[in-house]
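Chemist: As they're listed, the protein sequences go chains A and B.
The C-terminal position of the first sequence is numbered 423 in the numbering used here, with every residue numbered one higher than the one before it.
The C-terminal position of the second sequence is numbered 588 in the numbering used here, with every residue numbered one higher than the one before it.
A portion of the hints provided could be inaccurate.
Said to hold, decoys possible - Facing chain B, according to a computed beta carbon distance under 7 Å, are these residues of chain A, among others:
| # | residue |
| --- | --- |
| 1 | 39 |
| 2 | 125 |
| 3 | 195 |
| 4 | 366 |
| 5 | 387 |
Unchecked claim - Listed next, the stretches of chain B that the computed footprint assigns to chain A, with coverage defined by at least 3 CB atoms under 8 Å from CB atoms of chain A:
| # | region |
| --- | --- |
| 6 | 486-492 |
| 7 | 543-555 |
These aren't lab readings, by the way, just hints derived from the structure by calculation.
All figures in this text were calculated on a predicted structure; none of them were measured in a lab.
Backbone N, C-alpha and C define an ideal beta-carbon position, used for all residues, glycine too.
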Amino acid sequence: MTQGVCITKKILARSAGRELVESGDFIEAKIDAVMVNDLTGVLAIDSFDKLKEKRIWDPNRVVIVLDHLIPPDSVNSAELQRRLRRFAAEHKIIHFYDVGWGGICHQILAEKGHIRPGCVVVGADSHTCTGGAFGAFATGVGSTDVAAVFATGSLWLKIPEVMRLNFEGSFKEYVLPKDLILHIAGTLGQDVANYMSLEFTGSPIEGMSLGGKMTLCNMAVEVGAKSGIIEPDEKTLNYVSSRTQTGFTPVHSDPDAVYEHQREFNVNDLEPQVAVPHRVENVKPVDEVGNVEIDQAFIGSCTNGRLEDLEIAARILRGKKVKQGVRLIVIPASQEIYREALKGGIAQTLTEAGAYFAPSTCGPCLGGHYGLLADGEVCISATNRNFQGRMGSPKSKVYLASPATVAASALQGKITNPKDVLT
Amino acid sequence: MIIEGKALKFGEDINTDLIFPGRYLTLTKPEELAKCAMVGTDPAFPEKVKSYGVVVTGRNFGCGSSREHAPRALKYAGVKCILAESFARIFFRNAINIGLPILECRGVHSAVNEGDLLVIDMKKGVVEDHSTGKTLKAKPFPNFLIKIIDNGGLVEHINAEVKQR
C-alpha cells in the first residue's frame, strides 16, 4: 500500500513530470511564474547576459515589480529601475509593475493572479514563500536562479523534508496571525526548518483571512524554511478566480499524508508576542518585554501591510493621537490597498492620529528609505526581521510585533499590549 | 580542487544584513560589492580577508534575505572558501550558483582557531588544519551539485549543457 502524500511533494512531483518524489531527490521543476524586484533584478540580468540562450522562455510568466526603493531614493536606484524598465520592454515582459502601478512584490503576485493553487512560483526575494498561502509552492531563490529560469523555464530544486505544524483552539480577539508566527519562531528557533518546507494545518488556520495566511507563510523563511503552505479552500479558490483568467488545478494533501516532522500547538492561551533585538527567535509575550520606550512605530511590508492590518491600527487610533515624540509610519503593501484605505476612511483616521501615511513601497523594513533609524533609536515594527542594523543604524533596535501591538505602542509611546487599549 | 588559506572566524546566524547591509543594495559592480563584504559586522573585513582567505563560521550562515550580493561580495573580496556548521538554504544555492566554494562541516567552528592554516580538498570534502594537525570531514555534495560546481556555477553549467545538445 502506498503512503499518503502531502501537498508540497505533490506539487513538486507534478512540476517535475513525475508520479512521486522523495525528500532529498533533485528535480528540474517547471516554473509557472518567476519574479524579480528592483534590487535583485539587475543581478539577474547580469547573469542572464552571460547565458548563451538570449531569449526568455516565456515572457508572460515573468513578473518584474519595482518595490524596494520606489520612487527612486537615489541616482543609483533610478539607474537600476531604468535598466529593468528597458529589459522589460526589450523582452516584451507585460507583467512589469512600475512605480504607482503595483506595490510590494509578494502582494502583487497575489493581487494580480500570478500565484495560483498548485503552481510553482520562484522569486528573487526571500519572502516569496508568502505565496504558499494560496496553496502554491512558492520559494525564494537567488538572482542567478532567476536568470536560469528566464532561459530554460525550469530550476533545480531539492525535494525538502516537510514539517507539519498543526494548530487547535481559538485566538483571543486581540491576538493576530503575526503573533502566531512569532510564537512559532520563538518556540522552534530560527533555523529549525532549514532546507525543509512547512505545512500549516488545523482549525485556527482554516479560520484565518487570506491576509492572515499570507502573514503566516511570509515568515516561514524566518525559521529557515524553503516554503510554507496552506491547503486552498473555497475562499482561496474564489479569490484567485477573481484575480486571473488563467486556469489552475488545486492540489491537496492526502488525509493520511506522511510528514517527516510534526509539531502541535494550541492557540487558546496565546498572548500578543514580541521579537526583541536582534533575532527573530528572541520572542516573548508582550507583557514580559518590560518598559521599552519607542521612537518609531512602523506598520507595512509584505508581512503586515494589508487592509486588515491598517484597519486594526485605525480601530486602535480612532479619535486619539500618537504619543508626542513617536513617529508612526504606515505604508500599505500595494497601491490597491492604498486606494482602499483612502476610500474607506482608514487613511483619514490614521493621519488625523498623526501617522505618516505613504504610498506602497518596502520602505524602512529593509533599511531602504521612508524612516530609517538613528543611533540608539528604538522601533516597534510589524515587519519580518529585527537583525542588527536592518532598519538603519547598527546601534538602533527593532522589535517585531503585530500591527495591533505596534498601533497600541505608538499610542502609549512604549511597547504596549493591544488588549490594554482596545475597548 | 585544493584550496589553501588561513581561517577567519565568525559566530552563528551571520545574516545577510551583516554580510551585505541593505543600504548598499543598489551597487552591482564586482569591485563595489567587494568593498561591502561583511561590513555589517566587521568594517575591516574587505582588507583583512586578503591575508586569510577562508571564512569559518557557525550554524545558519547567510540566513535572511535572498540577496545574491552577499555571496558575490564575499567572492569578489577574495574569500576562497566558506566552512560552516550549516548554511541557510538560499545562501547555499546562491554560493553554488555563482561558483563560490562552500562546505558544510560539522564541528569546524570549535575545531579550528582563527589564523589556523587550512588545506581543503573540495572534491574529497576533507579539511586539514595544518596548525593543529586535525582533519575534518565535510558533508559530501550529491552528484547533481558536483556537476554545477565542476562547471564553475549555474550559468556555466547551463551553457555547457546547451553545447552538449
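Chemist: Could you run down the list of hints and mark each one as holding or not?
Modeler: We went through each hint and held it up to the structure:
The interface hint given for residue 39 (chain A) is met, as the beta carbon of that residue sits about 5 Å from the closest beta carbon of chain B, less than 7 Å. Contact between residue 125 (chain A) and chain B, as hinted, is supported at the beta carbon level, the nearest pair being about 6 Å apart and thus within 7 Å. For residue 195 (chain A), the shortest C-beta to C-beta distance to chain B is roughly 5 Å, which falls under 7 Å, so the interface hint holds. Restraint check, residue 366 (chain A) versus chain B: the minimum CB separation of about 4 Å is within 7 Å; hint holds.
Given hint, residue 387 (chain A) at the interface with chain B, holds; its Cβ is 4 Å from that chain's nearest Cβ, closer than 7 Å. Residues of the region 486-492 of chain B with a Cβ under 8 Å from some Cβ of chain A number 7, which satisfies the need for three, so the listed coverage holds. With a threshold of 8 Å between beta carbons, the proposed coverage of the region 543-555 of chain B by chain A is violated, since 0 of its residues qualify and at least three are required.
Checked against the numbered hints above, the structure breaks only hint 7 and satisfies the rest.
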